[in-house]
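A.B. asks: With the hints as your guide, set chain B onto chain A.
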Amino acid sequence: MANFIEAANRKALEIMQNAQPTLVGMGVAKDVVPGMHKKLVMHAGPPITWEKMSGPLRGAVIGGLIYEGLAATPEEAEKLAASGEIEFDPCHHHQAVGPMAGVVTASMPVFIIENKAQGNFAYCTMNEGLGNVLRFGAYGEDVIKHLKWMEKTLYPIMKQTLEIYGPLDLKSMIAQAAQMGDEVHNRNKAATSLFIREIASSIVKTDASKEDQVAVFDFLNSNDHFFLNLSMPAAKSAMDPVGKVKHSTIVYTMARNGTEFGIRVAALGDRWFTGPAAIIDGLYFPGYSTDDANPDIGDSCITETYGIGGFAMATAPAIVQFVGGTPQDAVNYTTSMYEITLEESVIYKMPTMNFRGTPTGIDIRLVVETQILPVINTGIAHKRAGIGQVGAGIVNPPMKCFTDALEAYVELLESEGMLG
Amino acid sequence: MSVNELFKRELKVINMGLESFYEELRSQDVGTIHVDWKPAAGGDKKMASLLGRLKGL
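Here the protein sequences line up with chains A and B, keeping their order. Numbered per my numbering, the first sequence spans residues 1 to 420. Numbered per my numbering, the second sequence spans residues 1 to 57.
In case anyone wonders, no lab produced these hints; they're calculated from the structure. Please read all numbers here as calculations on a predicted model, not as lab measurements. Treat each hint with caution, since some may be false.
As the list claims (entries may be wrong) - Once the Cα atoms are required to be at most 16 Å apart in a straight line, the calculated EDC-like pairs of lysine to aspartate or glutamate come out as:
1) B:46 <-> A:151
2) A:400 <-> B:44
3) B:46 <-> A:407
4) A:30 <-> A:218
5) B:45 <-> A:404
6) A:39 <-> A:87
7) B:45 <-> A:407
8) A:159 <-> A:31
9) B:55 <-> A:407
10) B:46 <-> A:329
11) B:55 <-> A:163
Okay, chain A solo, but in the shape it has when bound (with noise of 0.2 Å):
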């Protein structure tokens, strides 16, 4: 058995690499999220008690009981919410993923994403666009309606346009708009140009009334980040069969509830390695400072898993007036990330690093070895619910993570014989 771990990697990456992430369809939470119910909310990292939960995630949630009609007001909610009659289960265990809070509920409409490669979904809802948003803790009136207008006018447009289009190939996508300036993490101007190119015709082609259509373009053109809902699941297609390789030492899980960051490393299936969340540098909209911001929260580094976002950010950039620093940074988080990962991308190229593939399959091996950290970038929540984005930033996750599933990948091992 020589070899075994490299085996495993090896065959990790070609998942990873072969993967096909392809948008086939729209349908309703409780309809098409395996396990989802109307008692259920999903949120993005690691489980998490109500007790525990940040306040932009108690946020989303307060907002996410009154949209489904099972409070009226935030106090409802809230004892709702403590009251255990809620489940609580993170966006991961039921192969979804949300931005920041990454709230789900029953009726939310999500995009399913298949891997044709290995044939497994994943899903995520729309996009909100920027402002006073569910996904950054807010809940107000406004909050809500937009919601609603995205369940009851969005939805339906964006479902029939996708039927009439057929299947979207979102690898090809991310690649071009990789090639654009894109990281596909903050940066998603190039990938949502792309997409909206891609479907225009199609959406006309709708039986809506056009001032509905003319809408959903507006709605579309006024949010940059509507892709990132399509690159997230993309990722989460790739990565989720990587989680069952035996052996491998490769991460396919980052993600943050706004408390704890956690990983899952694919020979240590669905265990959480967890550690506090950390706040996040990065440059804050004029009023804010970091005094209010919340700990990193959000599945969005899925992104950074597969080996996009901040490992892309050298094709960005572009993306360095958003989150902060200088474009040599962007390269230099890049380059730094290759130091972790065990290939380079074979589709997803970057132009500024003389097309060279980006940093793929972080092994946490390296990761213990070298000391460096994934590079994420992110948006910043305000720690107080119902507030909304407050910035952007760089953030990495706690080595504690890293060195605890070292250990338990060496305890795995000694268990099975596998070491001398």
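C.D. replies: Using the frame of chain A, we list chain B on its own:
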């Protein structure tokens, strides 16, 4: 070559380890580059030992 002969020539230095050595040479206009090197696992003996057990597997 003896050490004394070496110091009669123009020095080109690659520094590993303490960065202050690099800074000191730079301040004396000696051509120096610093290698960003750290011991495995940042010197954590337990982690280095775990990594060692996985080598070659």
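A.B. asks: Output the indices of the hints that this structure fails to meet, ascending.
C.D. replies: 1, 4, 10, 11
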